[in-house]
Structure formats: structure tokens, C-alpha cells
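Chemist: This is what each chain is made of:
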Amino acid sequence: MSVYSLTRLTQTYNGRTVLDIPRLEIRKDHIYALVGPNGAGKTTLLNILAFLQPPTQGDIHYRLKPVRYTSSKLKSLRRQVILVNQSPVLFTTTVFKNLEFGLKIRNVPKQKRIRMIEEALDLIGMEAFATVPAHTLSGGETQRVALARALILSPRVLLCDEPTASVDVENQAIIVDIFKQINATKRITIIFTTHDRFQATQLSHRILMLDHGRLVRMGYENVFSGTVDQRGDGKALLNIHPNVSLCMESFAGRSVQEVMRIFIDPDKIKPVSMNMEHGAPNVLKGRVQQVTAENAKIRMVVDTGVQLTLKMSIEAYRASRILAGDKIDLAVPSDAIQFIEGD
Amino acid sequence: MDLLIDSFVSAILLVFSLDPEMVAIVGVSLKVSLCSTLAAGLMGVPLGFAIAFGEFSGKRMMITVLNTLLALPTVVIGLFVYAFVSRRGVFGLFDLLYTQKAIIIGQIILIVPVVTALTIAAISRIDERYRQTALTLGANRIQTAWVVFREARFGVLAAIIAAFGRVISEVGISMMLGGNIKGFTRTMTTAMALEYDKGSFTLAVALGIVLLGLSFGMNVLFHFFQGRTRV
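From first to last, the protein sequence lines are chains A and B.
Quick note on the numbering used here: the first sequence kicks off at 5 and runs consecutively.
Quick note on the numbering used here: the second sequence kicks off at 16 and runs consecutively.
Keep in mind the hints are simulated off the structure, nothing from the lab.
A virtual CB, placed ideally from N, CA and C, is assigned to each residue, including glycine.
One thing to keep in mind: the hints can contain errors.
Unchecked claim - Only part of the chain A face toward chain B is listed, based on derived beta-carbon distances under 8 Å:
hint: 1; residue: 79
hint: 2; residue: 82
hint: 3; residue: 83
hint: 4; residue: 86
hint: 5; residue: 87
hint: 6; residue: 89
hint: 7; residue: 95
hint: 8; residue: 110
hint: 9; residue: 111
hint: 10; residue: 153
Take the sequences, apply the hints, and build the full model.
Modeler: The following block contains the structure:
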């Protein structure tokens, strides 16, 4: 069952379209990671999903019913969906009273409130903080209390804007654990934004990539802007960095000096030493910056002037004997390069 | 110089001896100032909150007018209220002229803009995220407004203290609408003006010391609450 169904949704500010989603279904009980560069429309989408702002145009169905933006309907919807901001604010009172706020306005009896607050503090590992003034907490503790303040209300959907962006590694791990736990036990649908591709892959069932307000199918990495040039042999040359140019078979309908955006498929980039199946690839020199295991594959980030990500099987990686810090050559076949339309 | 030193020493003695006349004058001053501040608070705080929280056309103009009214001279208010409460005025039959009530009315007009403008400033300083947080946690409009008000509470309190400081030290309204009647409408400032006219400085300086002490106390409170808003 879908929790949200968005159709032809657009959001414009002063005539500028910041969000344009023809169709999007958010499925119940799933964890979604919303990734994309700054200004891609992630926070705007979260605000719309949290019913804090109506879209300029388009329809939203929540649990199969169309959303009506009247104050009584909105209050009922907002009591099912809670947004935790990137930098959440806690009310200037104690941690206990912060957690109590939502319960109090839902007329939960006092004894039950106390019990629920104790459980929530236990969930975030802050049992001893009930009477502590909220403004004395650290950034990570604030984020955890804000999360507990939302979770104590047992929402159907939890929306989190960069929940781990401004917290230390220890708090990041705690927050990730909480997400996994509440999704598994309370079956809360979670949609969170992140810049951390690794976290998005590890934590979510599905990654939604936003770019310039549009949902795009390709991954968040390996997206570049560049200008088109013409080579002596008539082929197109795309300059994505002063020192990085990629040769393409055709102009794909572009004219010289036109600015365009491309996506390079990480599965099709290969270290040169490996057996090449594609003819006349672009060869880029770089240094391996990061090697991580990601599900059944190895993900490698190589600095070639721009950061290129490639993926290979564990067997291929073992055979290549490449280590972090090594200088390698990368082959980027022309069929790995895809144009991003609609910019 | 001797005159000043002699007056100052005598004034200190007067203050510490709790001179009955001085105590009566201070009592009248505190009574009218507290009444007018309370009434202005009851009017100005909700008004300021409604303006700050509401979205309506002419909001900016209203704030500009309020800020202009902050500079309203007390003698203008005195004259204005006099026209209404004098025997020939619309409210002449209530016999308000030269009473404490008349002073209170004038002082309310003086400080309602102060309380309102400073309340608007206090509310506007509150981070938009507090409103958004209350809404997303399921609060209705009134509950959301209460959250914002709670966050601005120290700023609002500071507005009321600033208003009290304004009325306790004003002289124009008290003189024109109170008439400086001994034991009835004689306030600290009108008494000081009278004593100065008589060339008797001791009581004037004593009242000045009390007034300065009160103003100092108000400022300490004001800065204390201003500081709390930054927490």
C-alpha cells in the first residue's frame, strides 16, 4: 500500500520552479533516502510531505485519500506525519517537557505520559536527561531528543531532514540504529535526506535522487556539468574540469559550447589494467581515495580532478590488487556517459 | 557646589529616615505607574502578539505607526487627554481631571505603543522553526501561538519593564492631568519640579535618588530578562 501518492506536483517560488515531480509513490513501512545536491528541492519536498506547506500545483493522496488544505484536516494529517528538521529546535524548557508537548496536546493521561517519556528516553539512551534544560544539550543530544519527541507520538511517517549531518560519529550510529529499530518494530515509514551515499544505501530500501527539483533515475554520484567542444576528428569533447575531458561519439543534438549535465555509470568504469570490452575508451589518471564494500560490490572513489566512483565485483577487485592511495588509470567508455535531460 | 553637597547629604538622610511626605509621594508614583503598566500590558501584549503573528495587509504600516508613537511627547498626550476629561470635554461628567485615574489614562496611552512595539520585536525574533515544530507535532493554531509566546516570554517581560521605566519617570502627563495635588496626585517627578520651583532642593534630590534607584532596579531587571531571551 502506498502512504503517499504524488501526481504532477510542482512548487514554485517567485516564478522559479524548485520542485517538479510528475509521479511518486511512497510505499508503507519502507525507508526512503532522499539524496541530491544542495538546492535540489529535498527540504521543500519534505515540507510538502509533512503538510507544512501546500504545493503550488498537483495532487497529493495520503493513504489513498486526497489531501485537502483546510486547517482541521491538516491538524489530523500532521498528527500522523512528523518532520524532524536538519537543525531541530527544542523548546526552552526541560527535556521531559519537550517530550511531553505532543502527548499533552493529544490529551494523553499524565501517568501514561510519564511512562511513555521514560520509554522514549530509554530508546535514545538518555534516561538521565529528563530534568536537564534542553538548551544545555549538545548537537547530537538535541538531535536525539528531537527524534524521541517525534517518535513518542508513534507517527505513521517520520520525515527527517539530514538527521546525521551535524552530529558526531557516535550519535550518527545511534540515530541509524533507532531508524532501523523503529522501522522494524513499529513499522514506521521513514523518509530521510542525506548527502551520505553510503548511509543511504545501507539504511534505505529505496533511494530517491532529486536534481534541480526533479526525480532522476541515476545515482547521486558521477553527475557532472560541462561544456561541449568539437575535436579535430569531428567527435564531441565534453570538458567537465580544466584537466578532465571526455570524448563522445556524437554531440547528441548539442551544439558547441553548450552547457550540459551528464551521468557516468559507475558500473561501466573500469581500471585500465582490467580486460576492456569497449573500444577506444577515455582514459583518466587518478588516485584511489576510498574503497568500501557495498552490498555484494566494491565501491571505489578515484580523484581524477573530479571524483569518479566506480563499482566492481569483489572478485574483480581482489584480482586487480588495487589499494587506497594507489595511482591508477580509469577507462570511461562512451556508453557509460548518459545525458541528463531537462536542465 | 556647597548647595549641591548640602542638599545631597540632607537628601540621603531624608531617604533613610523614611520621611512621611516622601514616602507618600513615592507611594502615589508607584501606584499610578503600576496600574498604568498593568493595563498597558494587558492591552499591548495581546495586540503586539496579534500583529506579529498575524498576516494581514497594512501590517508593515501599522508597525511603522507604532514605532512613531514611541516618540509621542508626554505633554501632547496630556493636552489630548485633558481635552476629553476636562469639564467641557466628552468625559467631563466623570470628574476625572486632576485624579490618579486621569494620570493612569494618559500613561496608558503613552506606553501601549511601547509594550506593543517591543512585544512585536520579541515575537519576531523567535526562530520560525519553533512554529514549524509545534505544527508538525500536531498543535493547532492556538497551541502553536502559545509555543511562540512561551519562547518570547522573557522579551515580553522586558517590554513591560521598559514601559514601567517610561511611566515612572514621566512628568508631563502627571503634571497636566494630575495637577500635582499633595497627598493625592503628587508623584515623584511632579514633586521634584515643584520643589525646584520653590528653591528647596532637599526633597527634590531625595526623590531623585529614589527615582534613580528605581530606574537602576528596572534596568537590572530589563537586562536580566533580555539576557534570558538569548539562551
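Chemist: Evaluate each hint against the coordinates.
Modeler: Status of each hint after checking the structure:
no.	hint	in the structure
1	79	holds, 6 Å
2	82	holds, 5 Å
3	83	holds, 4 Å
4	86	holds, 5 Å
5	87	holds, 5 Å
6	89	holds, 6 Å
7	95	holds, 7 Å
8	110	holds, 7 Å
9	111	violated, 11 Å
10	153	holds, 7 Å
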